[in-house]
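A.B. asks: Chains as they are written, first to last, in the numbering used here: chain A, 1 to 750; chain B, 1001 to 1185.
Source of the hints: derived by calculation from the structure; they are not laboratory data. Since the model is a prediction, treat every value here as computed from it, not as a measurement. Beta carbons: idealized from backbone N, C-alpha and C, even for Gly. Take the hints with a grain of salt, since some may be wrong.
[What the hints assert, rightly or not] Okay, the calculated bits of chain A under chain B, using three or more residues with CB under 8 Å as the criterion:
#1 310–324
#2 434–444
#3 547–556
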Amino acid sequence: MRKIFAVLMLCSFSEFALSQIKLSGVVLDSATQKPLNNAFMTLGAYKVIADANGNFSIPQLTAGSYTLTITHIGCDPLALRLFLVKDTFITIFLPHHLHAFEEIITYAHNSREPDARLIQTISSKKLEQLAAVSLSDALINTNGISFLRTGSTIAKPIINGMHSNRISVLNDESKQEGQQWGSEHAPEIDPLSAGSIEIIKGASTLRYGGDAMGGVIRILPPSFRDTSYAEIALLAKGETNPKGGLIGLKLERYKPKSRLGQRAVFNVKRNGDAQAASYTLSNTGFEQLSGSYYGLLKKGNSDFSFTSSAFVQRLGILAASHIGNLTDLNRALSSDTPLINLPFSYNILAPSQRIQHYTGKIKWENKSDKLGLVSSTYTIQNNHRQEFDNHNGDLNAALDLNLWTQQLHLSIDNHLEDIRWQYGAMGEWQQNTFKGRYFIPNYLRYKAGLFAIATLERDAYLVEAGLRYDVQHTTSYHYEKDILKTDQFEFSGLSANVSGWRRIHQDVRIHLSAATRFRSPDINELFSNGLHHGSASLEFGDLQLKQERAYSLNAALNYNHNNLRFQVEPYLHYFNNYIYLKPSGETQLSIRGAFPVFNYVQTDASYVGTDITIKYQLATHWTTELDGALLLVKDHRNQTFIYGIPAQRTTGKLKYTFDGLSLKNAYWTVSSSYTAKQNRMETNEDFTDSPAAYTLLNTELGGQYQDTRLHVSIGVNNILNTSYRDYMNRYRYYADDVGISIFLILNYTF
Amino acid sequence: MKQFKSLSLTLIALLTLTFTFNACKDQVDTPPNPNEEELITTLELTFTNENNASDVRIFKFADADGDGGNAPTITDSIVLAANTSYSLAVRFLDESKSPVEDITTEIVAEAIDHLICYTTPGDLMITILDKDANNLNLGLAATVKTQAVENTSLTIRLMHQPNQKNGNCDIGETDVEVTFITTIE
């Protein structure tokens, strides 16, 4: 808690009194000298509340020494030692920091255990208000997160400039295992099934595995209120672009007697082709069906939980983006509009993707004085990805990958004197099999990890140190010229992290984290060998790749005072043997024509960047916010830029909060975001120049309808119907991004 | 004691599951052999002199392992006589199989989705003879008329145009694209 540094003036007046003494006074804001009403005062057995003018009085006291405590919303409690001998009037100046903003960075885990990570949380309520059926919907307004997109339906989060294998998506503690190596493979997550989502930027995430250098997105299970209740919540969203909508249902109940909580969620979404500013993006329809069940039973000191979820998605791939060779690509690039232009439709034709993801999880937690909190989790996941192309049509998948994963996590969380200790172990079994076209081989992989983290917390600072060891063994199976080849790979290494925060002033906190971590080359980086249709390029993996190692520094400065909040999060990641897909500058001739060749290579690279958020309350109902994300990436071995890094971005937002228009706790926001042109690219490396800078304008109005439990929001995205292309969207070679869209979201709880 | 009981029960359940999934292991070590997949490795052009049936010229482009992998092995140059009319027959083959598979029959079966296009910067005059069910050009058979002596090139493209075919070459996806150096002597 904040330390008291109240300026207190004690003015006493002498006036004779004998047995009964009266203490009276006034409470003023130290900054404005204006009276503060409703300050709550305690003096021995007496409890009084200051009136509207800040006045209070406590009569009928006897002479003696007392402690007067004053509490007020937005202030730190203040305790005064008084020695009363006669009637006394005091003026109390309270440093009334009514912070306009809640702390966005929490420096502790929600269990209030000491923790050094930088965490941002998105609540379940917020997720429902966003009608978030994908991670990109859920994280869209989070500063420092951008997306690697393939059209409007496939988006992979980018943190600290990194994505795919350098970001982990976790279901509580178990890593989500899909085909995350692919740039057009989005995480198979339904955020509406989550209790909340945590975003942990940077490298202080040893607990969750060594390879998430960029950060971690953690999906947390819901928590139940400790009263008997049963509720049904309905969610509906309709939008004009892409035309379609979403219907969601949530059932939740808790029985305090049996201490059993249950929650079931079911969502269905469908939309047709999206529209760019001036044409239809043919075959970009989308269908998703997702559901989950979560049960939590508390018994004695134990919590048992069971989670199961299903996720089925079918989505179209922009017809014009599926091309045969470099001639086709050049034809697409030289045309202003997509080469295939069909009328709007809800139908999804080839090329398309069908993704199924099923998860089952059992968790057991036990709290005891001797061992602390012991937790064990078993997770099983199945990910089935099918990609259909124009040749094989809708029936036979051209690419068919089936991934089974089983994970076991054990951890102990204990306090020894004033140090919090966390240790744990994890084991993983994973099997991938493919049918149809070869892209990555069949493989069987075993992983194991061990970690220990010690945390020391004091009033003004916190220090944490952690160590982790990971090992993995992969056996791959594939045919090369009719001969079955079996390859074995083993990678292991240590990760370490020291981090902490310190309060240097009651309004200022700094966070610092230093870490070294490693990532083993992934299956596609080792084995890719062939044509990538979407980009008309030949991609070659390298079996000789070594693991990459990152040395990371993350910092944060957080200032929160009265009407201003300021937050800067700089970072520096230096990589040895950084693995990436590099254009070779050569073309290779085949019967399909000529193709540019891309190779997975290793180099030394640095990521330097910062995320900045400034919030300022202009007036009682008006708030402004300015967000910025800056990033510079360089290949140090070759002294060049690296392909595929997000451009610089800023967003400005104006928010008006009010009660009116039959709405309560209503808000109206207007935001404008500017994305610069990515100039940090090598000439002639990409097929085309990076897209021009663009500005988008969005607005939204929302609130609770009267006194009902109906939450309504309505908004317009890309108000000006700007035609633009984004550097991080793979469709930028073929078509513009999505144009104007109007949406309405209704959320009702029975 | 109770904790141990539930813990051991969980462990047994886990072991059973692990055992069950290890049963799938058989699948892992028997991946599909991609060579069994359809592949176009070879483009074969047969020119027959319309005035002299015994003047048959065959030119080939062959990339035995398809896209990627090794570079093409056969890259013939076309050599034709000046001021002569030839009938051209085109075949697409998969020579990675034994016996060699003729993909041309599949193209004929899906003629409404395919188009073979000819382009040359020179003076060759190419007329497509065969049509699909919609009476649009297919291009497996053509007449090639040579003019004066020249050094030029001939590009042959197999376009895949499902639900889009309108006779135009510049739509759809290129399945085959080969440029032959061409000498008219």
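A.B. asks: Give a verdict on every hint.
C.D. replies: Quick rundown of the hints versus the structure:
no.: 1; hint: 310–324; result: holds (count 3)
no.: 2; hint: 434–444; result: holds (count 9)
no.: 3; hint: 547–556; result: violated (count 0)
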